[in-house]
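Asks: Given next are the chains, with one letter for each unit.
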Amino acid sequence: MDSKSFSKKKSVGVVGMGSFGTVIANMLAEKSNVIVYARRPELVQEINTQHAADGNPVNPTIEATVNPEYLCESCDVLFFMVPSAGFQEVVKAFSPFLHPYHIVIHGTKGLCLNLPKGKTLADMKKITRENILTMSEVILKETVVVRVGCLAGPNLAKELSKGQPAATVVASRFNEVILEGQRLLRSDKFQVYGNSDIIGVELSGVLKNIIAIAAGALAGMGLGENARGLLISRGMVELIYLGNALGGSLKSFIGLAGIGDLVATCSSTLSRNYTVGFRLAQGETLDQIINSMEEVAEGINTVKLIKTFVEGTGMRAPITENLYKVLFEDLKIEEALQYLMKYPFSVDVDFL
Amino acid sequence: MTDDYIKHKYAPILPSKDEWPVVKLSKGRKEFIKKVANASKDRVIEQTGGNMDILKEELETTLYREKLRIKQNPWAVDPDDEFEFWNKVKSVLVQLSAESSIPNAQKKKKYIEILDDITIRYAEEIASNFQHTHYKLTRSVVTFGFARLLNAARVKGIKSIFSNQFSLQDKIQIIGETDQLRDLASKGTIVMVPTHFSNLDSILIGWIISVLGLPPFIYGAGLNLFNIQIFAYFMNSLGAYKVDRRKKNLIYLETLKNYSSESIQFGVHSLFFPGGTRSRSGKIESKLKLGLLSTAVEAQRANYQKGQQGSGGKIFIVPVTINYHFVLEAPSLIKEHLSLTGQERYYQESDEFSTSYKISKFLVKFFTKGSDISVSIGKAMDVLGNYVDTEGRSLDKNGRIIETRDYFISNGIVSEDTQREEEYTNQLGRRIVEEFHIINRVFSSHLVAFTAFQIIKKQNRKLDLFNLLRLPEEDIAIPYEFFKEECQRVLNRIMEIRQDGKVHVAPHLKRDIDSIIEHGLSNVGMYHAKRPLVKSKEGNIETQDLNLLYFYHNRLDGYGLEKLF
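The listed protein sequences correspond, in order, to chains A and B.
For the record, in the first sequence the residue sitting at position 155 is 155 according to UniProt numbering, with numbers rising by one throughout.
For the record, in the second sequence the residue sitting at position 318 is 318 according to UniProt numbering, with numbers rising by one throughout.
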């Protein structure tokens, strides 16, 4: 890039047009030129001709492409909104075209595995922190981009698309990334907070999905608000312990991306993770649920990963462990609940 | 990097001394000092946000601390007019705050004048005093003198003082990326960052730089070393600038940083010991002092802001490890380390080499008795820690060429962002530590010390470190056969780590295990009065000084080898 010939403002890029990606692209398009990347040519076609992504309306000024190189050349700031399962692959596809001047902000609330070559999670007796990558760590590992940020907070896509007021956190070790995120996203209806503990904010978004599944399950069993209150608060404690073990700071967990997001997803039928729990409790099997969902519920993978991690460290995480048994080992939800009610929690708050 | 020693003479890359950046710098010394002082003044004003009251407070704090230092911790090297100078500052400050009739704008101007005086004084104090004739003399003294001593000690006693059988390069082995270093030194500016274990390191590195045919580097040396005449002479002639660790006030620190940054921008090659001081524990530095390192990042950005492209204005970071069997200061270093652990804040800079006599004795002992030393030159990196190719272009992890300039760009232009540069400095620090561990060379003495200490630790599992070190040495004996097995286990693991390219080993580690152990035992801390490790008459492995054993053991810290026990 030649700075001297730099005359007009560059576009902002969005990678991945799932429901959340689409909402963010539309919000960005209110202020900036937006170019979006999608892998499926028919989706790109739909966006460019019908201004819709899988039926969701897309701002007509938004241009779509299947070409990573074009996107990287046209934009200095990129928002990666891809599910964690495909994240590494997409980042690798972009890596040859990314330069140190790029700023990358992601909105993915999941984790990736970083195992020795040829191994899968099933081969590993235990995994340590080095085997787990947050999305920002994936970006740092696979690309030359250093100015990395993440978006997290109570941002249910359906509510945002209706233009309801909400807030988010942009986290990054670099102030300029936070400021850039705020400049691009902030509007009358959308407040943007900054946080320098990117790992803590990422983990908040990831770990709360576990509790969201559990909350859905309680609701599916027909239990009421007392149970939910109990779960959210105990879930918070578990989230904080796990989050600390993975390198996040307490402050971030009790912020908007932690408590804020936890309360929202544990109470909303709009949340995918909540829906998984709800339908499980109604008697469906995990396979049935996964096959009939349009988009990935990140929490399922997170439970699997975190359960293996917890075993390796010798920590206890009762909610995660029991949820794992319910999801993958056919434990009945009622039994899991029984177990949790008997678990000797004695201290209310011991992390402050 | 291969494990082979490099032993040949290099032609100087800049034959004429007038081309040496450090000579150019010393010719324009006066203006340079002015420039540094001005830049530092601006930086301090910027940090006070242009607020007069904050500036005033900063000046008063500086004054208070300086007066305290003069009273409590005076050194021989301190200038005579110090007391006078600060008294003058005091009287002006007092006068100013008493005057209520002067308008604020004028007052502020006066405060800035005081600040100006202080930064000029500090810059003057810090600035190096490089003189080419001294440099030449020192270089020949070091090479000639030490070669004589060495031959006298090694060949056939005092008669062979004029033998040339051994040259210094037999004793001090250089390995690693010497050619790349030479190439890059003629293209851009080098910042060399060595590990630091002994006071001898700076002279050693100075000698190596000259052997490699590089023009002299400037580096910050502790002011305490200038207390000793003989050292002061060496230091000055090697281009050292002075770092006074007693002065911790903002104005001094800013001046120091600006001195370093401006010199790098001037194109003078520099040397930082990024650990700050000698490693007291014997561990390879894992936490670096980032203050001076940040000046490399800052200078790089400033060069790009000036529009410098390509490798001309590029700064290359070259990590270096110095590997010893024997560190003369080990007993005092480890003692200090142990008494300081956890209480570093209350530590007062002390001065252990107090006379020229002591230091000469140290040098003679070192060169006649000390065992072999090897110096590993690491791969050059840019200021973000990316490796660079022979042309000085930065490479990403996949070998693609990238522009270092791009790291400083936002919205299409190179911009200054202190917080961003802080993060970059952190990242550079982490990369340097990583590289230290990679280019570090394992010696037989490190292996035996590490293994022995871990065995003792395992046998006394219940004791914490301090209680462990208090064990009576005469109670400790490790049967040889067991020791041998354990050494083999550690060695195997080291070789695995080496396979992954994460460490290097000395050629003598490729012998059979018995001779490695023998070599290790005879070399580990060989000239201490109490040996860290000996073989008893019964054939057991014993120690005479656990603290020292711990010190030499620490060299292999950071490789996860303790997990074997």
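A couple of the hints might just be wrong.
Listed below are the simulated DSSO-like cross-link pairs for lysine-lysine, each with C-alpha atoms no more than 27 Å apart in a straight line [to be verified]:
| id | chain 1 | residue 1 | chain 2 | residue 2 |
| --- | --- | --- | --- | --- |
| 1 | A | 117 | B | 502 |
| 2 | A | 119 | B | 502 |
| 3 | B | 171 | B | 563 |
| 4 | B | 35 | A | 126 |
| 5 | B | 306 | A | 10 |
| 6 | B | 35 | A | 251 |
| 7 | A | 141 | A | 162 |
| 8 | B | 257 | A | 141 |
| 9 | B | 502 | A | 92 |
| 10 | B | 397 | B | 457 |
| 11 | B | 187 | B | 17 |
| 12 | B | 563 | A | 117 |
| 13 | A | 342 | A | 304 |
| 14 | A | 9 | B | 306 |
| 15 | A | 119 | B | 563 |
| 16 | B | 537 | A | 92 |
| 17 | A | 117 | B | 458 |
| 18 | B | 458 | B | 30 |
| 19 | B | 35 | B | 257 |
| 20 | A | 126 | B | 502 |
| 21 | B | 247 | B | 257 |
| 22 | A | 125 | B | 502 |
| 23 | B | 510 | B | 535 |
| 24 | A | 126 | B | 510 |
Quick caveat, the hints were computed from the structure, so don't treat them as lab data.
Asks: It remains to establish, for every hint, whether it holds in the given structure.
Replies: How the hints compare with the structure:
| no. | hint | in the structure |
| --- | --- | --- |
| 1 | A:117 to B:502 | holds (18 Å) |
| 2 | A:119 to B:502 | holds (22 Å) |
| 3 | B:171 to B:563 | violated (34 Å) |
| 4 | B:35 to A:126 | violated (58 Å) |
| 5 | B:306 to A:10 | holds (24 Å) |
| 6 | B:35 to A:251 | violated (44 Å) |
| 7 | A:141 to A:162 | violated (36 Å) |
| 8 | B:257 to A:141 | violated (32 Å) |
| 9 | B:502 to A:92 | holds (25 Å) |
| 10 | B:397 to B:457 | violated (40 Å) |
| 11 | B:187 to B:17 | holds (17 Å) |
| 12 | B:563 to A:117 | holds (23 Å) |
| 13 | A:342 to A:304 | holds (23 Å) |
| 14 | A:9 to B:306 | holds (24 Å) |
| 15 | A:119 to B:563 | holds (23 Å) |
| 16 | B:537 to A:92 | violated (62 Å) |
| 17 | A:117 to B:458 | violated (34 Å) |
| 18 | B:458 to B:30 | violated (60 Å) |
| 19 | B:35 to B:257 | holds (13 Å) |
| 20 | A:126 to B:502 | holds (24 Å) |
| 21 | B:247 to B:257 | holds (13 Å) |
| 22 | A:125 to B:502 | holds (25 Å) |
| 23 | B:510 to B:535 | holds (22 Å) |
| 24 | A:126 to B:510 | violated (35 Å) |
Checked against the numbered hints given earlier, the structure breaks hints 3, 4, 6, 7, 8, 10, 16, 17, 18 and 24 and satisfies all the rest.
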